[in-house]
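Q: Here is how the chains run, residue by residue.
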Amino acid sequence: MNEKTFEYLLRLADDRLILGHRLSELCAHAPILEEDIALANIGLDCIGQAKFLYEVAAELEGKNRTPDDIVYFREAIAYKNLLLVEQPNGDFAQTIVRQFLYDSFGILLFDKLQNSSFVPLAGIAQKAVKEIRYHYRHSSQWLLRLGDGTEESHQRTQEALNNLWKFTDEIFLSDETENLLTEEGIAVRSSSLKEEWLKIVTELITKATLSIPESGVKVYKGGREGKHSEHLGHLLAEMQIVARSYPEIQW
Amino acid sequence: MIEKSENIASLEEQFNQRIANGETIEPNDWMPEKYRKQLVRLISQHAHSEIIGMLPEGNWITRAPSLRRKLALLAKVQDEAGHGHYLYSSAETLGTSREEMFDQLHEGKAKYSSIFNYPTLSWADMGMIGWLVDGAAIINQTTMAKCSYGPYSRALIRICKEENFHKKQGMEIIATLIASGEKGKAMVQESFTRFWWPTLMMFGPHDSNSPNSADMMKWKIKLKSNDELRQRFIDMTVDQALAWELRIPDDKLKFNETTRSWETGEIDWEEFNAVINGSGPCNHERLEARRNAHDNGKWVRDAARAFEEKQRLKNKSAA
Amino acid sequence: MSESKNDQLDLWEVFIQESDNSPHQHAGSIRAADAETAIQNARDVFARRGKTKNMWVVKSEHIIATKPEDIPSFFDQASDKVYRHPQFYKHTLDDELWKKP
Chain A
42 MNEKTFEYLL
52 RLADDRLILG
62 HRLSELCAHA
72 PILEEDIALA
82 NIGLDCIGQA
92 KFLYEVAAEL
102 EGKNRTPDDI
112 VYFREAIAYK
122 NLLLVEQPNG
132 DFAQTIVRQF
142 LYDSFGILLF
152 DKLQNSSFVP
162 LAGIAQKAVK
172 EIRYHYRHSS
182 QWLLRLGDGT
192 EESHQRTQEA
202 LNNLWKFTDE
212 IFLSDETENL
222 LTEEGIAVRS
232 SSLKEEWLKI
242 VTELITKATL
252 SIPESGVKVY
262 KGGREGKHSE
272 HLGHLLAEMQ
282 IVARSYPEIQ
292 W
Chain B
223 MIEKSENIAS
233 LEEQFNQRIA
243 NGETIEPNDW
253 MPEKYRKQLV
263 RLISQHAHSE
273 IIGMLPEGNW
283 ITRAPSLRRK
293 LALLAKVQDE
303 AGHGHYLYSS
313 AETLGTSREE
323 MFDQLHEGKA
333 KYSSIFNYPT
343 LSWADMGMIG
353 WLVDGAAIIN
363 QTTMAKCSYG
373 PYSRALIRIC
383 KEENFHKKQG
393 MEIIATLIAS
403 GEKGKAMVQE
413 SFTRFWWPTL
423 MMFGPHDSNS
433 PNSADMMKWK
443 IKLKSNDELR
453 QRFIDMTVDQ
463 ALAWELRIPD
473 DKLKFNETTR
483 SWETGEIDWE
493 EFNAVINGSG
503 PCNHERLEAR
513 RNAHDNGKWV
523 RDAARAFEEK
533 QRLKNKSAA
Chain C
225 MSESKNDQLD
235 LWEVFIQESD
245 NSPHQHAGSI
255 RAADAETAIQ
265 NARDVFARRG
275 KTKNMWVVKS
285 EHIIATKPED
295 IPSFFDQASD
305 KVYRHPQFYK
315 HTLDDELWKK
325 P
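Sequence order for the protein chains is A, B and C. Note that the numbering used here has the first sequence beginning at 42, numbered continuously upward. Note that the numbering used here has the second sequence beginning at 223, numbered continuously upward. Note that the numbering used here has the third sequence beginning at 225, numbered continuously upward.
With the rest of the complex left out, here is chain A (with noise of 0.2 Å):
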């Protein structure tokens, strides 16, 4: 079960990183510098996430490895996150129709963790439940803003939507591990989430005066087997570089 508990970890704890990772590229580039402080809130918000769950990951595992040796040392195919958080900024439309995307999974899921039968893991959840809210009024209110906005804005927004919108079906994957833990009352079971987070995106994507894609393909999975796109590469490879180069050193 333990071990069934870990992987369970590190698929929250990896979502919450790379989302994290890709929010601080952003910092000192955006739009408005009011908004360079908003996203390294969130961003920051993320990654100090990741971290506890990281913590809470690496001492169940009890195999001496510390939240960086999992976070440096650790190839893409060993990565667990979603497919939706790796995917790159793009422009602002981009940016904030994925956080929105996740955001509004997030609030259900971490609302759900406060009481997982793991007691650190729903420790984590309350704090992090209380971030994700924030996170979700920043995005959603963006989004309508962008949505309703100009004409290019609009445009840009639904071109974001179209590209995103066949990540989102990953997001409702339950396998056994996820099965499994939510018997034990430790995990919830994220196809449980699906109804209502469809509810709450069309309610803000149709008042945002855009539309929902047609679903339907079902290739864009694999994140949580670490079957990943090939941006994620990439971006670990960025995130290791000095880590990797210089084992012997401590930061």
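Note that these hints are calculated values from the structure, not bench results. Backbone N, C-alpha and C fix where the C-beta goes; we use that ideal spot for every residue, glycine too. Check each hint, because a few of them may be wrong.
Footprint (simulated), chain A over chain B, 3 or more residues, beta carbon under 8 Å [stated by the list, open to error]: (1) 277-288; (2) 302-308; (3) 333-341; (4) 394-406; (5) 449-457.
Some chain A residues flagged as far from chain B (calculated, every beta-carbon gap over 10 Å) [as the list claims (entries may be wrong)]: (6) Glu48; (7) Asp189; (8) Arg197; (9) Leu239.
Simulated coverage check for chain A against chain C, where a stretch passes if three residues somewhere in it have a Cβ under 8 Å from a Cβ of chain C [to be verified]: (10) 78-92; (11) 178-186.
On the provided structure of chain A, position chains B and C as indicated by the hints.
A: This is chains B and C only, laid out in the frame that chain A set:
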């Protein structure tokens, strides 16, 4: 006409008296045009330095070698955005908009700290910026926090608190690298050698070559001379460098027993002037990055305004 | 689009209350196109360190301030009205009256 200039003369006399009494000047108070102009120049340069300064450090956020360092660096660069923000706001109280200041920056007409036109080439540079660059900035800013203009002084007090934490963070990076052995130490030395002279240049030209100094001193928008502040920095930093057993890249460096001060060789002023006037190693890249962020963000700002406009019209027709 | 001549969002003033019972104090200003974004930006810029209990944002153009030349007529008047100051009542406090139940 004569009456008017007499009037101004008397206002200016009152103004000078207020400064001499140690009063702070607030946005709506009468002030000489030159005072206003010098302040806008000074504060906007400082604001631009914070914003441009995000780039050389932002360059390493994605490569920070541990989660702790990654969080700390991202938070630090975010603080710099915050500092730029406070500073633009305080310059705006003088009647120049952030947009105008951005335009000047993007057109290459505004100056900012020369140090940010140098590249960051190794992780040790993140420590060096904290220790040397923020260290130099703190010396400047704690002095300037006592300046005569209220909004600038208040912004600086807030900024100084955070800069101290940045400097500690930088020194911790260096200390940790040095403690971790030969490779870490070599990385620090290489970085220190690159940063030493450019950091000394941050304090600006010799007082004899600093054209605006006299007026600015009289109006308390400059409180110590460039050379005085530079010397204070040198005396503090040389001792720290020696404690870390770092080699200082200056053959002429020697301790003067009489003045109890370190004397350095001459700064390469040709390099300083080139960097200040747009020909430093990264001037082009820094401005281009800022211009791109601003230009690529235009449609976002337009959308935000258009949305607000639509909502306002909607509320109006509903009422 | 509003009165911004160029590519600039509106200016808002931010007031922060740090704890129950403490007054809202001016923290600074931010730029935003509307109230919701203004309050989010204010939170990110001014409330990321330290305690914040409550926050106000108000468009800068809605703030009316006194001018330097108003000082004599607005604020100097109180000095000859001693009854407005607590010291005026000092004697009454020491009075026998005060001590009686």
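Q: Would you mind marking each hint as holding or not holding in the structure?
A: We went through each hint and held it up to the structure:
{"no.": "1", "hint": "277-288", "result": "holds (count 8)"}
{"no.": "2", "hint": "302-308", "result": "holds (count 4)"}
{"no.": "3", "hint": "333-341", "result": "violated (count 0)"}
{"no.": "4", "hint": "394-406", "result": "holds (count 8)"}
{"no.": "5", "hint": "449-457", "result": "violated (count 0)"}
{"no.": "6", "hint": "Glu48", "result": "holds, 20 Å"}
{"no.": "7", "hint": "Asp189", "result": "violated, 6 Å"}
{"no.": "8", "hint": "Arg197", "result": "violated, 7 Å"}
{"no.": "9", "hint": "Leu239", "result": "holds, 25 Å"}
{"no.": "10", "hint": "78-92", "result": "holds (count 3)"}
{"no.": "11", "hint": "178-186", "result": "holds (count 4)"}
Comparing the model with each earlier hint shows violations of hints 3, 5, 7 and 8; every other hint is respected.
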